[in-house]
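In order, the protein sequence lines correspond to chains A and B.
Using my numbering, read the first sequence as starting at 2 and increasing by one per residue.
Using my numbering, read the second sequence as starting at 31 and increasing by one per residue.
Keep in mind that the hints were calculated from the coordinates and are not lab data.
In this text, a Cβ means the ideal position worked out from N, Cα and C, and glycines have one as well.
None of the hints are false.
Okay, the calculated beta carbon distance ranges per label pair:
(1) A:261 with B:487: 27 to 33 Å
(2) B:849 with A:139: 41 to 47 Å
(3) B:837 with A:261: 23 to 29 Å
(4) B:283 with A:512: 57 to 63 Å
(5) B:837 with A:139: 52 to 58 Å
(6) B:849 with A:299: 27 to 33 Å
(7) A:258 with B:487: 32 to 38 Å
(8) A:258 with B:283: 47 to 53 Å
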Amino acid sequence: MPEIRVTPLGAGQDVGRSCILVSIAGKNVMLDCGMHMGFNDDRRFPDFSYITQNGRLTDFLDCVIISHFHLDHCGALPYFSEMVGYDGPIYMTHPTQAICPILLEDYRKIAVDKKGEANFFTSQMIKDCMKKVVAVHLHQTVQVDDELEIKAYYAGHVLGAAMFQIKVGSESVVYTGDYNMTPDRHLGAAWIDKCRPNLLITESTYATTIRDSKRCRERDFLKKVHETVERGGKVLIPVFALGRAQELCILLETFWERMNLKVPIYFSTGLTEKANHYYKLFIPWTNQKIRKTFVQRNMFEFKHIKAFDRAFADNPGPMVSGGIAALNHPPVVFATPGMLHAGQSLQIFRKWAGNEKNMVIMPGYCVQGTVGHKILSGQRKLEMEGRQVLEVKMQVEYMSFSAHADAKGIMQLVGQAEPESVLLVHGEAKKMEFLKQKIEQELRVSCYMPANGETVTLPTSPSIPVGISLGLLKREMAQGLLPEAKKPRLLHGTLIMKDSNFRLVSSEQALKELGLAEHQLRFTCRVHLHDTRKEQEMALRVYSHLKSVLKDHCVQHLPDGSVTVESILIQAAAPSEDPGTKVLLVSWTYQDEELGSFLTSLLKKGRQLTQPPPLPSPSWTEPGLHVSTVGALSEQTLQVPSLGTETMCHVPTQAAVSS
Amino acid sequence: MAAHLKKRVYEEFTKVVQQQQEEIATKKLRLTKPSKSAALHIDLCKATSPADALQYLLQFARKPVEAESVEGVVRILLEHYYKLSPFEIFQANFPSLSLESHQVLAQLLDTLLAIGTKLPENQAIQMRLVDVACKHLTDTSHGVRNKCLQLLGNLGSLEKSVTKDAEGLAARDVQKIIGDYFSDQDPRVRTAAIKAMLQLHERGLKLHQTIYNQACKLLSDDYEQVRSAAVQLIWVVSQLYPESIVPIPSSNEEIRLVDDAFGKICHMVSDGSWVVRVQAAKLLGSMEQVSSHFLEQTLDKKLMSDLRRKRTAHERAKELYSSGEFSSGRKWGDDAPKEEVDTGAVNLIESGACGAFVHGLEDEMYEVRIAAVEALCMLAQSSPSFAEKCLDFLVDMFNDEIEEVRLQSIHTMRKISNNITLREDQLDTVLAVLEDSSRDIREALHELLCCTNVSTKEGIHLALVELLKNLTKYPTDRDSIWKCLKFLGSRHPTLVLPLVPELLSTHPFFDTAEPDMDDPAYIAVLVLIFNAAKTCPTMPALFSDHTFRHYAYLRDSLSHLVPALRLPGRKLVSSAVSPSIISQEDPSQQFLQQSLERVYSLQHLDPQGAQELLEFTIRDLQRLGELQSELAGVADFSATYLRCQLLLIKALQEKLWNVAAPLYLKQSDLASAAAKQIMEETYKMEFMYSGVENKQVVIIHHMRLQAKALQLIVTARTTRGLDPLFGMCEKFLQEVDFFQRYFIADLPHLQDSFVDKLLDLMPRLMTSKPAEVVKILQTMLRQSAFLHLPLPEQIHKASATIIEPAGESDNPLRFTSGLVVALDVDATLEHVQDPQNTVKVQVCRVLYPDGQAQMIHPKPADFRNPGPGRHRLITQVYLSHTAWTEACQVEVRLLLAYNSSARIPKCPWMEGGEVSPQVETNIEGTIPFSKPVKVYIMPKPARR
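From just these sequences and the hints, can you work out the full model?
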């Protein structure tokens, strides 16, 4: 039994460390290769020893696919390819290929330089790893080998995020990675065609959430920033370097443009700057607005947003709008990292926290223990290192800008792709449970949610292609009255299996090819009638009756007393023993099986018509079927259990062959 | 090759069909030169049967055709075509139908379709064509099936045919046949089937309700064009059978078909293809019969966070507002979810209408968003409760990233403003847009504010503050803001009242400094207050002394913004305006009537008295028009008419009529000038006023006819020789003839008029010599009665003001000669009917100092329509000239182009084409209707 097997090494009922193994029709594919942010030990990377204990992974995996550049989807890649050892192809989209090494390098720096970890991958390893990458375009079908092919679909989420369809023969799996079903300021919405995969592996971060329109959030955000700036305050927006930062930049930039505001906006240098460069290059991956206007002006070439100089933060005092003075007092600053736990954002925060005119806007979720989390939960006095107490007077705002699909969006995508079954990853178990139930209830699609290391096996029924000769197809098509698309239709032919391919040919051709002689099959049937009349008379009655019933067919009364309907012969005979009983002999060839069986049943029913006074008890005998074969076989009589059994192969095929 | 040639021939036939009307004219012009075409002609004449002819044509098609004979060839082909009846061709071609390739067959069916559509009355052919189409429906090629379905859609009918030979075929149920192809294996054929069905509907056949279920199945088709067409079909059926009941699958309930269809189309708003989404969103707007319950669902989206019910931002805003606390929460967790959600009850994919607009308005394609906004607008116009509900969403759209969408939603809001009242928080969002850098957006918003209802005095204050902010940021918006405040004030007098002391910064005990009268912001505040005071008599009591003074000043300088007020203790103002505002209109209306009636006694007076009376009346009317802006159109219109009459009388008073002709060559100037001016004035009357009805058009044309008669007489008097006169006479008589034909229905009203008499004498005029004609005309002109001009109910004079360029700049616009410079032109047009249309094109004219004039036709996209009856032209005019030695001024003005044929009602005989209607029609002319603006330009010589 062919099957699809899925084993999450990470992201099974969990967020982070996405890594899913899929075997489909004998091919093994690894989807994503991420790290876990919550751990600093071995658990941060997926357990690749699951795949093989010894030996290189290349022998066990046909390809690796990376959906986007977030570290929880690609963080373990250098470790996997260089330290564990994998030389096969790694597929990702062009923007991911460009941005991924920057993030990996950053990650390495923090781990090695700051935390002083040993036995971590090196810069050279990142480079070597990236050399194994094959970049793909959207909707480009990439042939990994003769049978395995992959295709990328747009996923929103971050620049270059893609969903991948993995296909072997007629079996396919779609892996969504992270995706977003509502467009934002710089990216469009995820889209997939009706590809009807056997399995859809989807993220489920927001399995239990239905979100409000993003317009309200955006408006609130802009209003808050605008008001603070007008009041003369400063705004700090701690962000992660990539993804949301760009969305917020675009949002503020367009708002500044629209409202003709002059006050400057800064973003902290480093990562963001580098990333912006790539955002400028990959315009086709952005949303409609940016794509339409980039000819006039690339939206990522910010007019109002400038690189941040550390010295700016030190200037105290209220903001003076307009003029050169404004330059000394940066009013709006984007700074990394997003959770205010270290780095520039924390530095600026400490400087500005004392002034109640200022404001900090947290655009995302903060992990417990970070400064960000503390101030969000309402703490006003913070203990900094060195027993210092920082009083927070500035306003603290929370704005959720998340780029994951919510429950409705997930359902929408499942509806778009129409899969046979769904598998949930990248989410919390409790939330998945709810979504699983909903999917099974509302879409009537089976749904799975394996934990890490747990294997889900899906039986598939792959369709086997059969070649058919055009002549046969046309002949059979011509017999049909109306075209009925997508409905199975009966087709008569002979299936020849030869050299591991299948062909459907007409029986004549099959005989010719196999060098066999044709046998003729003839059914005969006796119908006992209780009738005292003579044979001739009775034949005449049968003739007139059939003539009246079978208007479309050619019914003839032959001079020798027999009746023919097309090629079916009916003879009346009188068995010697009972003069009151007559026997009708009906004989037809195999080809006329349909008409023949109809005729016998008609004759059976026709008793009432031929016999004006009804008899108290029917004297029918079961029609004995005699199959006589002519030709090479010796004459013999077979007892066939029921009518309509065919000795030749009946192949139901779909009439959906385009001509 | 042969197939290709054949195709060409068929194509030629198709072309021929479309030129049916030209046959007669071309017949006379046959080439006599023996050419290739002639040879063809002979060939074709020899042909005895259509099949023969076809052979000749085929041969001909193989030969190359030299350029000069192409015309002839086409002519002969045309001619020959009319000898064959289409039916013959059809029969001649038909045997080959079964033999050809699929492409040829499809092409042939296309031809048959063209033939069929040209012969709508020939039932027999139609039936046969339908039969042919049915026969080929089983063809294996999708192209052929497509064409067959198209043919069925265009020609198939349900009615029983009257002709005998079609009896067997009439029984065919075209709808059934087409419906069978809804499940064809080829998506193109499925689409064609649905299109054919829609075509049937368009031709007035009633579709069966059974189609509905079939169409619903197609909504889940794999191909977008099929889904898109299916959405249309469902919409059509839902409009046909809105009230019939359909069952809901998997339950026992039943709902109205239109509701069901609405739900289904709503579902398509979240389709995978944006083409379908646009289609669905557009159609939603026109489903007005849908029940309100379903309608309101479209805005419904149950939010949830971690399985707990969450309120939307809209709900929160509303709650905050109703609890009196006006601020958006600043705490984290402000939007924290409250109640637990019953997991079983949550429905993630709601069937039907739920949240359709929420999705549509958030779509990634702006086309979908615009369509959704439009649909929202249409539905809100028909349902006030829905309008109230959709407000939040519309307000949100004001912050869309694409300007077009923002603009559209502002316009939408304006259209539904009668049904809504803005909450304060909504107003806040709306007003935030006032800072937008796009002028269009700001002006649209001003328009919106003109007609919105605000609920609180804080709202008014907020609006005023924001508008003043806008004014300081964009001083060019001055006029628009003042106008906006005028309406805002007059709509909310009671809300403005408590604000007055604060706005005027008056103090109960102390005198405050007098504000600067030239400050636009102060004027803005005053405009708001004075307009509110108009219906709020207690307000003036709050004014301080200088406010009254400022009122008097503004009332004079900005009379269109400041209404007349009843002010206590102000003698001057109160005496002038003391009669109540309502009764004020009546006397002026009466006055207008009286003065016009007085004029109608004109013909009883002696010429001198008549002239004086007319002059007085014209003066009166003009003054009235200036005083009463509502009556300006009518007064102007009548004055123009009277001026025409006056000119006519004056011209007839000339002495020249009494003396022998040659002596008075010079003096005739006055008469001919009068004739010319009357002509001009009549064109103005006809085209520059909106609301002119047929009644008036007759009178205007009559006046023009008189002017033409006058012209004829003057020419007869002043020119020697009869030759030019002959032509003129004939032309004139033709025009009289036209007049009679066009206005035959109105002739009874023209008792005793010039035309009436003229038509009496028409037979005589036709036969007499020019000199005699002139003589008759002269006496008739003198005797003819003055026609009363019935006043139309609503009449407005078209006018235009050029806002930009202002024409005040002393700095010349410098540019290199030979190159172009773009001049921004911004103008408002009032009461101009379809400015984009070719019938009346606004033309910018640039007049250079050397007398050279340049006409520019603005693009249709340059016109915006900010309100009923008003248009805004924002365009660029490209100027260029050779080098000048010094800067000089050019004139820019707007002209109204007219085409006199457009106004005249089409008569059935015109189609017959007996008389070429060249005389009256196609007089293209222009009327200047704005003041010229001078622009200082300086083309410099190019530097080498």
